[in-house]
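Order-wise, the sequence lines are chains V and G. Going left to right, the first sequence walks through residues 1 to 312 as the numbering used here numbers them. Going left to right, the second sequence walks through residues 1001 to 1161 as the numbering used here numbers them.
What the hints contain is simulated information worked out from the structure, not anything from laboratory work. Take these hints with a grain of salt, some might be off.
[Said to hold, decoys possible] Here are a few chain V residues that face chain G, going by a calculated C-beta distance under 8 Å: (1) Tyr11; (2) Arg15; (3) Leu84; (4) Ala117; (5) Leu154; (6) Gly158; (7) Asn161; (8) Ile163; (9) Val164; (10) Ile166; (11) Arg170; (12) Asp175.
Built from N, CA and C at the ideal position, the CB exists for glycine as well.
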Amino acid sequence: MSIPQKAFKYYERYRSIIPDYDEFISYILKPLPYSIRVNTLKITPEKLAQRMESKGFILRKSKLHPWFFEVDCIGEERGIGATLEHALGYYYAQEIVSGIPPIVLDPKPWELILDMAAAPGSKTTQIAQMMECKGTIVANDVSRERVKALKSNLDRLGVTNTIVTICDARRFYSDMMFDRILLDAPCSSEATIRKDPSLPLDLSYRLPRSFSRLQKSMIERAYHLLKHGGILVYSVCTFAPEECEEVVEYALKIGFEIEEVDIPLKYVEGVTEWVDERGRRRSYNPDVSKAIRIYPHFENSGGMFVAKLRKV
Amino acid sequence: MLPNLERYRICSSEEVRRILDYLEERYGIPRSVFENYTFLVRGKNSIWIYSGHPSILELIPNVNVVGIRALHLSIKKTLKPTTIFLQVFGKYATKNVVELESEEEAVTFMSGGSIARYYDVEEGFVVVKFGSDVLGCGLYSNGVLRSKIPKTLRVRFEWFK
């Protein structure tokens, strides 16, 4: 089976939940536009945009946030990472949808933040910018190899308020509680196919089911690490309800409340009912509709699921 | 209980005084810049800088890295600021700053190359700038400026052809 055929077959299970499904399918195999986040710890968006445009890049402001731009590299085969400005840490090549979880997390200077699965650090560095490097981010990841990339991005962007830890997030113990936690969880990554067309898609759908178990134990650990009243943002780059709404429903069972999310991009509510590929009807706590789903054909982006939870 | 912060030790006030003296005397960076920062020692010869809450360092397990590496003792036992430190704090430097004159020189320096030219600075480690950009740390001696940009932050010459 060719890659497109396999992808079409794989995503078929979401036909009933994805609006304008045919348009969705037409987008998933298109390459993803380049986008960047300006590192405001080092330069202003205006100055960086001016510099990049003087070098022949075309920048368009993203609707998401003033730090984000979509970039055309016309005549620039070298891509978006091969510039002096990138080496100096003036920007981070980041997908627009990847910028959403930190915006929903809304960290404030002087707070104590835990980023449970931080590498390679696009969201950690965005959080540091939002905090102006004041307060602390504990940036954890399980993989020593991926932590190398995280550290190199923290260095390049000049982030001074992080403590990097290497640990399985399910076994992250600490003598202190956090104000806010980001759990950008490991997932089947189904929604990243535009970035990685060679993404393995297993038609038995074993991955979403096994990640769902991992995500639930991570969210349970997050609950114990969060102060009362603290915020947990749960995000995954997949369309599979097992990894999205089912995990959020589990969070509601163990003591979280879900809050509304509003971002200036097109999105739809979390799904409360669907039928899986084996014809089994699934329904979730109606409150999971407060989570958001972003599909690639809405804003010509990647896909993302985000829920904002409060420990009560 | 938990094996935390094995690698790091918070600098004593005497060590902090010596670090701030060095940064002020050699580069003219005012002490006030570092009011809200903590300096830490890791291993025998590296000093790190961190802007988070110092009180929580003991409470976090499995610490791998705290903040960014700021300075280290070179083989000749002189202090050397790191490029990543200078890219953040080099903008406050008023002494021993080398200003490059062209984009070509900036690219040469950022790709790890040397520049032979007389600069009116003391020999040793200098802050290297191009326009408003602080590029990083260079070593100036005998009329040659050598790049100390780490490999991970270098640019490639062919990008600019």
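Provide an ascending list of the numbers of those earlier hints which the structure does not satisfy. Result: hints 1, 2, 4, 11 break, sorted rising.
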